[in-house]
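Protein chains: 2
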Amino acid sequence: MLAVAGIELGWAEAGIRKPGRMDVLLLRIGKGASIAGVFTRNRFCAAPVLVCREHLAAGGEIRALVVNTGNANAGTGAAGLADARATCSAVARLLNCAAEQVLPFSTGVIMESLPMQRLLDGLPQAVQRLAPAHWGEAAEAIMTTDTVPKAASRSAVIDGRPIAVTGIAKGAGMIRPNMATMLGFIATDAAVAPSLWRELTVQVADASFNRITVDGDTSTNDSLILIATGASGIAPIKTADDPRLGALRGTLFEVAQQLAKAIVRDGEGATKFIEIVVAGAGTADEASRVAYSIAHSPLVKTAFFASDPNLGRILAAVGNAGIGDLDQGRVQLHLNDVWVARDGGRHPQYREEDGQRVMKGSEIKVRVELGRGGASATVWTCDLSHDYVSINADYRS
Amino acid sequence: MLAVAGIELGWAEAGIRKPGRMDVLLLRIGKGASIAGVFTRNRFCAAPVLVCREHLAAGGEIRALVVNTGNANAGTGAAGLADARATCSAVARLLNCAAEQVLPFSTGVIMESLPMQRLLDGLPQAVQRLAPAHWGEAAEAIMTTDTVPKAASRSAVIDGRPIAVTGIAKGAGMIRPNMATMLGFIATDAAVAPSLWRELTVQVADASFNRITVDGDTSTNDSLILIATGASGIAPIKTADDPRLGALRGTLFEVAQQLAKAIVRDGEGATKFIEIVVAGAGTADEASRVAYSIAHSPLVKTAFFASDPNLGRILAAVGNAGIGDLDQGRVQLHLNDVWVARDGGRHPQYREEDGQRVMKGSEIKVRVELGRGGASATVWTCDLSHDYVSINADYRS
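Going down the list, the protein sequences come from chains A and B. Our numbering numbers the first residue of the first sequence as 1 and each following residue consecutively. Our numbering numbers the first residue of the second sequence as 1001 and each following residue consecutively.
Calculated from the structure, these hints are not laboratory results. Heads up, some of the hints might be wrong.
[Said to hold, decoys possible] No farther apart than 30 Å at their CA atoms in a straight line, the calculated lysine-lysine pairs in the DSBU-like style are these: (1) A/238 - A/31; (2) A/365 - A/238; (3) A/261 - A/18; (4) A/261 - A/360; (5) A/360 - B/1360; (6) A/18 - B/1018.
[As the list claims (entries may be wrong)] Some residues of chain B that are not near chain A, with every Cβ distance over 10 Å (derived): (7) 1005; (8) 1031; (9) 1043; (10) 1072; (11) 1148; (12) 1216; (13) 1247; (14) 1261; (15) 1265; (16) 1308; (17) 1317; (18) 1318; (19) 1320; (20) 1321; (21) 1339.
[What the hints assert, rightly or not] Computed from the model, here is a short list of chain B residues facing chain A with C-beta under 8 Å: (22) 1056; (23) 1077; (24) 1111; (25) 1115; (26) 1157; (27) 1219; (28) 1234; (29) 1236; (30) 1328; (31) 1341.
Don't be surprised by glycine CBs; every beta carbon is placed ideally from N, CA and C.
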């Protein structure tokens, strides 16, 4: 994990839900950074999401992020909003900035009130630990039902200087990001003008977190924040036609996609990683709808879990994507290298044992051709296992 | 189970998938009946669904239905279509009618070809058993992963005469009917003009099978057929303002709703029956979207399975229904008699033990008020358990 000049991280064990667990993360940002975020489209969005949007819209320089796990501060009404604001104020006092310069994030159980005293008591501990090397600990501090911390780091060279891109994310269930994942924070020491950085943030979300699903449930707290500290000292990238942008964008995509795929691999109860590519669609939106229809079908997901090549379920999911004029006679289905369905029916040369071989793997690529046009979409997902039910039946106990 | 004058039923053990199981149903219809159907909106609809639509559109008098289980004849291309037509021809020869007067139905595994010889060999056995009293056996003959046969019967009095309404259905998984359920057949000896009967069939589907979901997967084979034989001898009901229509419609709704609810109660792995009522919506469509968003959320469904009052998940599902201008501050949530969330947040008087008490029951009513208008919708669903995963991971083995 490369440190990113201009970023320091510290954590606390505040006992928000359970004692002895890292459950608070503080991320301090140096002066002059560009910061942008994308947030959940769930209309029951959490109080901290509302406050984040407000503080970003205010246009002041953001100097810190504060994250707690164990409680989502969602479905908490006016009291929850006051708690999120009070958290920002407390951080601001400790770091000598204004409350509007702090962005709050929460993740955990919905519709319970945030244990404010414990959270506030934990903050000084987090401040004390602030250091640029703490990305690994930061990834651990934001985990909930995650079984592994999720962090990724790459470097690029811009203007002959090494540029770091490092990010962390959390999430395993309630994952069908509709802007971003549960929580993702990515920072670079490149310098990018704020308006361009905002565009880039949306592009990064669309190429990574907006392509994954575990269970189709969009969280109330999804937030992705990208920070460009500018501390590398390169001249700021200000326009979309700057030739240096390509290298930075590519590196950001790599880090974000690695984090997004890590969430799917750690999907609650997941035993397999599934890539779904839908091609030959009339529009990208149409391709995406078909891909998500497959990715969300419980019958498809349980068949993957069982390694059962019951592949007609994939065709049924294609038929359920809401494309009114789909011609099933033009649909092709491949599983890895195996041509399963040709022109809407079982391929004459398809043999069950070939399907079985592919289904037994832990990484499977589903490719559907619709025969309607040139658009395509890719979605990453996982299977549905007994453990998904166990984890979510027992989540609060 | 009341017999319906003008209807005879017979079954066979044709060994289509496994030997020694009832897997073929033949239903013979007397002359002069009105028949209407609604079918799946899955664009990968099965070959028999295509043939049903064709034969109904041709406008000839339908004289028989033939149903096989064990194989859905879906995703089978041109060969599947030929098989469905050949089945109709074979039935027509045995019953002395034209192939276009027969409607075929299939349910079972997708993307495998129908074992035609076994099906054809079984038909004479089914013809031999044709009798009006066989509704109970007919309900058994169409079962697949169902654990109980589903049949319902009521009588009404019209023009001083007893009128029978009797129906059967099958379905437990791949249930999110979008026109009808997997398979449902309802008959009455009332006399109703064909065009009015078609209207009534759509109303019945919308009030029953179109209100249920088990797993959100719309089947390739959903079909609901309503038959009015007219054999009771009452004068035909020809117009929507006929005062006799109310009693018949009410009885049809009762039978159809009992069958639809029976499918949910027998939902794969289901341990609880959940009624979701969404009121105060701007439009019925909006209410329905919110109800289905709750009913399809794996997180909500696993919480019901665990009897865990983790009720913020219901608010998150409300927020995910795609209503862009939803004001969370106006949302109310009740579970049976317990007021859980008031104005978008936890109700101050809500106590966990009250939620717990309701969640432990096997029948739960969720009531959401959106505070946007006067429209409402009801949806029936079940929980998501370990057994759902087991049943669908092992379906073909």
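- Message: So residue 1148 of chain B supposedly isn't at the interface. Is its beta-carbon more than 10 Å from every beta-carbon in chain A?
- Response: Holds: least Cβ distance 21 Å, greater than 10 Å.
- Holds or violated: is there a CB of chain A closer than 8 Å to the CB of residue 1234 of chain B? violated (40 Å)
- Item | Reported absence of residue 1320 of chain B from the contact zone with chain A (all CB gaps over 10 Å) | violated (5 Å)
- Message: Hint residue 1056 of chain B vs chain A: min CB-CB distance below 8 Å?
- Response: With a minimum Cβ separation of about 20 Å from chain A (threshold 8 Å), the hint on residue 1056 of chain B is violated.
- Is it the case that residue 1308 of chain B keeps its Cβ farther than 10 Å from each residue Cβ in chain A? violated (6 Å)
- Non-interface label on residue 1216 of chain B, tested against every C-beta of chain A at 10 Å: Given that some Cβ of chain A is not farther than 10 Å from that of residue 1216 of chain B, nearest at about 7 Å, it is violated.
- Query: Regarding the hint that residue 1219 of chain B lies at the interface with chain A, is the smallest CB-CB distance below 8 Å?
  - Reply: holds (7 Å)
- Interface exclusion of residue 1043 of chain B relative to chain A, criterion Cβ beyond 10 Å: For residue 1043 of chain B, whose nearest Cβ neighbour in chain A is about 4 Å away, the distance does not exceed 10 Å, so it is violated.
- Query: Does residue 1341 of chain B pass the interface hint, meaning its C-beta sits closer than 8 Å to a C-beta of chain A?
  - Reply: Because about 6 Å separates residue 1341 of chain B from the closest Cβ in chain A, which is inside the 8 Å limit, the hint holds.
- Would you settle whether the hint for residue 1077 of chain B is holds or violated, based on the nearest Cβ-Cβ distance to chain A being less than 8 Å? holds (3 Å)
- Would the hint on residue 1236 of chain B stand, with a C-beta cut-off of 8 Å toward chain A? Not OK, violated: residue 1236 of chain B not within 8 Å of chain A, min 36 Å.
- Query: Is the Cβ of residue 1321 of chain B more than 10 Å away from each Cβ in chain A?
  - Reply: With a cut-off of 10 Å, residue 1321 of chain B comes too close to chain A, as the shortest Cβ separation is near 8 Å.
This entry does not satisfy hints 2, 5, 6, 9, 10, 12, 16, 17, 18, 19, 20, 22, 25, 26, 28 and 29, going by the numbered hints stated previously.
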